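If you read the sequences in order, they're chains F and Z.
In terms of my numbering, the first sequence opens at residue 1 and continues consecutively.
In terms of my numbering, the second sequence opens at residue 1 and continues consecutively.
Incorrect hints may have been included.
Which copy is meant is left open, so a pair is good if it fits within one copy or across any two.
Restricting the straight-line Cα-Cα distance to at most 30 Å, the calculated cross-link-like pairs of lysine-lysine (DSSO-like) are [to be verified]:
{"no.": "1", "residue 1": "Lys314", "residue 2": "Lys199"}
{"no.": "2", "residue 1": "Lys243", "residue 2": "Lys43"}
{"no.": "3", "residue 1": "Lys243", "residue 2": "Lys155"}
{"no.": "4", "residue 1": "Lys337", "residue 2": "Lys199"}
{"no.": "5", "residue 1": "Lys389", "residue 2": "Lys403"}
{"no.": "6", "residue 1": "Lys290", "residue 2": "Lys222"}
Since the hints were made in silico from the structure, they are not lab data.
Being a predicted model, the structure only gives us computed values, none of them experimental.
Number of protein chains: 2
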Amino acid sequence: MNDLQQRMETHIGRLSEFTATPGNGTTRLTYSKEDLQARLYIKEKMQEYGLQVREDGIGNIFGRLEGTLTGAPSVLIGSHFDSVPNGGSYDGPAGVVAGLEVAALFKENNLTPKYPLEVIALVEEEGARFEGGLMGSRGITGVLNEEDFKNLTDKDGIKTIEAMAEIGLDSSLPKKRDPKTMKAYLELHIEQGPILEGKGIPIGLVKAIVGLVQLEVTVEGKAGHAGTMPMEHRSDALVAAAKMIARLPELALNEGEGSVITTGRLNVFPNGSNVIPNKVVFTVDLRSGKEEHILSMIENVKELVDSYNDSGIKTSVAHQLYMAPKAMDSDIISLLKEKCSELDVPYCSLNSGAGHDAMVFSDVTAAAMLFIPSRDGVSHCPEEWSDSKDIATAVQILFEAAKALTEAE
Amino acid sequence: MNDLQQRMETHIGRLSEFTATPGNGTTRLTYSKEDLQARLYIKEKMQEYGLQVREDGIGNIFGRLEGTLTGAPSVLIGSHFDSVPNGGSYDGPAGVVAGLEVAALFKENNLTPKYPLEVIALVEEEGARFEGGLMGSRGITGVLNEEDFKNLTDKDGIKTIEAMAEIGLDSSLPKKRDPKTMKAYLELHIEQGPILEGKGIPIGLVKAIVGLVQLEVTVEGKAGHAGTMPMEHRSDALVAAAKMIARLPELALNEGEGSVITTGRLNVFPNGSNVIPNKVVFTVDLRSGKEEHILSMIENVKELVDSYNDSGIKTSVAHQLYMAPKAMDSDIISLLKEKCSELDVPYCSLNSGAGHDAMVFSDVTAAAMLFIPSRDGVSHCPEEWSDSKDIATAVQILFEAAKALTEAE
C-alpha cells in the first residue's frame, strides 16, 4: 500500500467515525453534531495542505489555492460529506478526500497554478434532512434561492438557518456564486452500481448523468369477493397491473444504451387476502442518458398502460418528476481519457444512473465525474465499500487533469 | 306486493335498525347491544308464530314446533344474525326471517309435523368479533369445544363468556347437540355474487360450498438502486411476482367449473420508488367445488412459482389454510328442484364461493342451501340488497320442502 492509498484509508476511516449510528453505518445529517465533527476535520486538512478555508452561507466548505492570474475562474474538485441514514463511508467522502489529496499533491510538488484550485465539500446532497437533495450545489448555482432555502425545515420543524446557527455557521454569508468564478467542476464518486466491478476496470468516465422521470400509474378495477365472483366477471386491478409490470423491463431493454425502468413502490387496495383488488397504484421510474430514450420510454409506458383500459379497468398515468439528462463536458472527458492513458489506467465510459452535484454544476460550468467500483454494486448501506487503491488511482488522474486545467507549474 | 313479501320487508327493515353504525350499514357484533336487540325481536316473532324458544350455551336461538313422532330429529331452517362491520341488511338476516316465515306458514296452514321444525338463528358466522367465523354452527356440531370457546377473546380482551353474561346469556347451557337430533339443515342466503342476477334467475340451488386453500408466496430478489443497476444485472422480486400473478387467472380458467384464483394481498419491500424491490409477499386464494380441482390448482400454482426460481430469484410457497369442499345433500337438492318445478320457479345450480354455516352442518346432517340474487353481486357493504320478492319465493320453496321433510299434514 503506497502513501497516498494509506492517507485515503485514514481520511475515510476518520470521517466514518463521525456518525450518529456507531456500529450501524454512517448517519451524518447536514448541520448535525457529526456534520460539525467532519467539517472540522476537513477544514483542518485543508489548512494543513496550504489552502485558504472559507464556508458559504449554506455551509459548503471551500479550500482555495490561489492562482497567479488575477480574477481567473477556479477549478473545483470535491463532492459532498453528508450521508443517508445508516449509509456507507464512501458515498460523498471518497470525492471530498480525493479533492484534499489533489491539493496535497500540488503542495508536495510545489506547484503554482495560474487558475485557482478549490477543494470543495458540499452539504445535503442526499436530502436526508431537508429533502429535495443537491442542496449545496443548488445553493451555489442559485437554483435554490435565499427565500426557499430559509423556508426549508427538517421533520422536527427546525429551519435550515436555525440548524446552521447551532453548529456555528453563518447563514448571512453569500450562497450563490458567480458562474464566471468557476472554470470547471470535477467530482470523484463511487459508482453505486455493478458495472465497473463486473468489468474489472478501476475507473469509469461518466458520459452523462441520466435523466429521470417518475410516473405514478393508477389502475382501478372492481372489488369483489374472492369466492363468489367468477373469473369471467372480474375487473381485477392487480392482475391488470401485474401484466403491465411484467412487460416494463422489455421496454427498457428495447430502448438500450443503459436505459432502465423500475417499479419500486406498489400498493394494493384494499389488500385483503379474500378481496379482489379494486385499486393498485405503482411508480414507474425511467432513466436514460439520452432525452430521446426517456421520451420514447414515457410514450411506450403510456401506451402499454392505456392498452389495459377497458370497460372494467380504468388506468391513469401521472407525471411526478422530470429531470433532463445532463451530459458531462466532452473536453474534460477527453482530458481525463488522455491522463488515464498516460498513467496506463484502464477505464471505460458509462452513464451515472444516480443524481450527483455534478449535474447541477453542469448547468453553469464544465463538469465531469470519475467513478470507482463499488463492491457488489451496493451503496446507501453499511456494507458500501470501495478500494482505497482505486481512490488513490483516481486522485492521480484528477491531479494530472487539475494540473492541466489550472495550468500549474 | 303480497303479504309474505311485505312481512319480509318489515323483518329485514326492523333488524337493520339494530346496528352500531346507523346510516352507515349494519354493524351487529355478536353479544353486543345490537345482538340483544335483534335477539329479542327474533324471539318475539318465534313466540308469535307458536314456536318454543330456547337459547343454547353459545347464544344460538332455536324456535321449535314439536313433531308428533317421539324423539324424532328436527328439520332446522335458518341462518345467522350477526354482521361484518358496516355490512348490509341481508347477509344472514334473509335466511333467519325466511325460517321465521316458514314457521308462520305452518301456523297459518294449521300444519302438524311428524318431525319437529326448528327455526334457527346463529351467532358469529362472520367472525367479526371473535375471529375464525362459523362459531355458532361449530359450537352446535362440537367442532368448537367448550375449552376453546371459553378461551376466545375479542380485540379488547373480552372473553366470550363475559360478553354473553353482559347481555344476559347463560354460557353454562349445553352447546354441542347430538347429531341424532337433526334430520336436515336448510339455509337461505344471498348469493353475494353476480351469477343469478346475470342470468335473471331468482333461485340458485347450491351444489357445493367450495373448498378453499390459501397460499402465501414469497419472492426474494436483490435490492438495488433504480438508476445504477443495469436491467441485465437485476433480480427484481416485483417483476418476477408480476409475471406469476399475470398468469394466475388462466390457471383457474383452465380448471373450469367455476374454479377461482385470487391474489388479494400483496406487499412490496422496501417499497420505495427508486429501489428495486428485494422482496414481495402475496396471497393466492384458490377455490373450487371439487377437491380434484383444488389439488390440481395447488400443483399448477407451485409449478408456476417454482419456474421463476433461478440464481437471482428465490421463491417459496407456504400453506396457510385448507378447507375441503362440502357437497350439499343430493336428496334435498332433488326435493328442492321438485318444489321449484311445482311452484313454477326458475332455478339453476351453482356453487357457493363463500363459506356458510351449512358447510359445518353438512358434516353431521343433510344440509342444503338456496341462494337469491344480490344486486350488482355486492355484499359486506351498506349497498348490499336483495329483492324481498325473491326472499318470499324462497320461503315458498322452503315451506314446501319443510312440509315434505317434517311430513307435516
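Same-copy or cross-copy closeness of Lys290 to Lys222 [CA-CA at most 30 Å]: between (39 Å within a copy, 27 Å between copies)
When no copy is specified for Lys314 and Lys199, does a C-alpha distance of 30 Å or less occur within a copy, between copies, both, or neither? between (45 Å within a copy, 26 Å between copies)
Up to 30 Å between alpha-carbons, please classify Lys337 paired with Lys199: within, between, both or neither. within (17 Å within a copy, 74 Å between copies)
For Lys389 and Lys403, with the copy left unspecified, which applies at a CA distance of at most 30 Å: within, between, both, or neither? within (21 Å within a copy, 93 Å between copies)
Tell me, please, which holds for Lys243 and Lys155 at an alpha-carbon limit of 30 Å: within, between, both or neither? Close neither inside one copy (38 Å) nor across copies (38 Å); limit 30 Å.
Given a CA cutoff of 30 Å, do Lys243 and Lys43 count as a within-copy pair, a between-copy pair, both, or neither? neither (54 Å within a copy, 53 Å between copies)
The earlier numbered hints that this structure contradicts are 2 and 3.
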